[in-house]
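Each chain, written out:
There are 2 protein chains.
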Amino acid sequence: MTHAGTVRVAVDAIGGDRAPGTVLGGVESALEADPALHVCLVGPAAVVEPYAAAHDRCEPVVAHESIGMAEPAAQSVRAKKDSSIVVGCRLVREGAADAFFSAGNTGACMAAATLTMGRVDGIHRPAIATIIPTVGAPVVLLDVGANADCKPEYLVQFARMGALYAETVLGVSAPRIALLNIGEEPSKGSQLAVEAHGLMANQVAGFMGNVEGRDVTAGVADVIVTDGFTGNVVLKVLEGVSATLLGQVKEALTANVVTSLAAALTRPSLARLKDRLNPDTYGGAPLLGVNGVCIIGHGSSSDRAVAAALDVAATAVRADLTGRISQAV
Amino acid sequence: MTHAGTVRVAVDAIGGDRAPGTVLGGVESALEADPALHVCLVGPAAVVEPYAAAHDRCEPVVAHESIGMAEPAAQSVRAKKDSSIVVGCRLVREGAADAFFSAGNTGACMAAATLTMGRVDGIHRPAIATIIPTVGAPVVLLDVGANADCKPEYLVQFARMGALYAETVLGVSAPRIALLNIGEEPSKGSQLAVEAHGLMANQVAGFMGNVEGRDVTAGVADVIVTDGFTGNVVLKVLEGVSATLLGQVKEALTANVVTSLAAALTRPSLARLKDRLNPDTYGGAPLLGVNGVCIIGHGSSSDRAVAAALDVAATAVRADLTGRISQAV
Chain A
10 MTHAGTVRVA
20 VDAIGGDRAP
30 GTVLGGVESA
40 LEADPALHVC
50 LVGPAAVVEP
60 YAAAHDRCEP
70 VVAHESIGMA
80 EPAAQSVRAK
90 KDSSIVVGCR
100 LVREGAADAF
110 FSAGNTGACM
120 AAATLTMGRV
130 DGIHRPAIAT
140 IIPTVGAPVV
150 LLDVGANADC
160 KPEYLVQFAR
170 MGALYAETVL
180 GVSAPRIALL
190 NIGEEPSKGS
200 QLAVEAHGLM
210 ANQVAGFMGN
220 VEGRDVTAGV
230 ADVIVTDGFT
240 GNVVLKVLEG
250 VSATLLGQVK
260 EALTANVVTS
270 LAAALTRPSL
280 ARLKDRLNPD
290 TYGGAPLLGV
300 NGVCIIGHGS
310 SSDRAVAAAL
320 DVAATAVRAD
330 LTGRISQAV
Chain B
10 MTHAGTVRVA
20 VDAIGGDRAP
30 GTVLGGVESA
40 LEADPALHVC
50 LVGPAAVVEP
60 YAAAHDRCEP
70 VVAHESIGMA
80 EPAAQSVRAK
90 KDSSIVVGCR
100 LVREGAADAF
110 FSAGNTGACM
120 AAATLTMGRV
130 DGIHRPAIAT
140 IIPTVGAPVV
150 LLDVGANADC
160 KPEYLVQFAR
170 MGALYAETVL
180 GVSAPRIALL
190 NIGEEPSKGS
200 QLAVEAHGLM
210 ANQVAGFMGN
220 VEGRDVTAGV
230 ADVIVTDGFT
240 GNVVLKVLEG
250 VSATLLGQVK
260 EALTANVVTS
270 LAAALTRPSL
280 ARLKDRLNPD
290 TYGGAPLLGV
300 NGVCIIGHGS
310 SSDRAVAAAL
320 DVAATAVRAD
330 LTGRISQAV
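The listed protein sequences derive, respectively, from chains A and B. Numbering-wise, the first sequence is residues 10 to 338 according to our numbering. Numbering-wise, the second sequence is residues 10 to 338 according to our numbering.
If several chains are the same, the list does not tell them apart, and a pair holds so long as it fits within one copy or across any two.
Straight-line C-alpha distance at most 30 Å; calculated DSS-like pairs for lysine-lysine:
| no. | residue 1 | residue 2 |
| --- | --- | --- |
| 1 | K90 | K197 |
| 2 | K160 | K197 |
| 3 | K197 | K89 |
In short, the hints are calculated from the structure, not lab data.
Sequences and hints are given; from them, build the entire structure.
Quick look at the structure:
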């Protein structure tokens, strides 16, 4: 990859279940991998100052408050103006950073980014996109939780934003866009799905029609659009079942001495499979439609996930994802 | 299991992708396993008459029409009064059978059962329940497709019907009932979910609150309630990902000579796992809330799935599931 210019990412040093450890580890990997990356590390002085002093292209930004993973989102963001999440978003709004990353409280990141950076003109609702690893090419699924209740016109914008994300960050040209529904025919599904289908068929380039739940992991579409309720349920069902199934496979393979021996031999293959299906590869979920790049990591983000998320953030900035979304509306 | 009395099940001989073969195979197993089971085999004379002549406790009912898997449901049911699906439902309405089973067109079965048998007094909308195999106890998930758009009061009734199904057919005493949502707090989720939570907390015995997508396969609840759009997407995501993941595991295990040898040794364990997760064990999905027992099989139902569905039908009849639903409303 070419690093076509300096990118400054504000990073929440204390967001995530394993922060600051995994965040700092991920920042280090990202700085090494991308010589044009600069990081504004946001958090308590005791965490960010020594780290910044020891790393090139890393600047400390002290924030005295923190928002916990389980705190109510909107209230915390309003009450804690000096929290790492709010300060990080403010750096983007003020132009001191090009992007913001946090593996902290998702709701708080969403609220802070929307309130602080503001929405792109014309965008009804920002949406969270996530990348679902599949057997073939990965799929961009959105919205996965920003909007529990949606109107058909929101889904049209989600489709356009998802397509731009697939193009700029995943490098997919002419992405195939589908609507998640419970039947293939345009007349099938909820009132929302039927109306969204009608609008998308006329207004969204690359719209291929409805797909069903079983297609989510089949790689038949590049972008799958749905409301934030359904999308969040799907994402979490996938997380749950992947963990359950791989756990069951492991258990089945270690059930007795013979299979245990065999399992030892198959472990590297299974580890590669697990790795391929690991969402850490894709780092974090962008909040699309706000005025600035905002990537939200899973609370359990590893070093590797943080580094991948910073790479996604830098790629999105260099490709001017926000500007393209603005033009597309 | 005790077979406490004769049960007559009307069976659609030609419903399903592999009918009549798998249907007839399943009927044979079910008749052998349950000496008090009687089958009204509904379909073309050429299929049902020789089979009934060769089997005790099996009576042929000739139906001259058939509804294909992809035909529009409501129209077909109205137009084809002599189809196996409509005739089968009519047998239940007329008291000639206690239950109906088909692995054919799901929408047509739903429409025919609702139109012909009618709804239980007081039931807003019938719902399709399915059983999700999990690591622990199986979970009843409903609605999985009968109602794409729901009102909160429908979900309250789904909860009660699902609980009665779990009690009578799965033998769960005091089932734990949960609402599928995108957060655990009562205030989280869509407007539908928030309102349904409020009603269920007051009106549903055994209501444990919200669960999220990752809990669907975790065995934390006995009954999970959702609207038919979300439920159908979840069911199909699970079907898709199970096939994908187990396929990937197999591929990973047969990637080279060493792992292939090991895979051969682990095959029986994996086969047992696949078997445990196989929905065929549970046969079919009941349409709850109609005036009679109606079990709808997956289009790809095997012999074993058909036999299991007939066992479910007989159990539901013997436990007077319909009567209990009527009393609970």
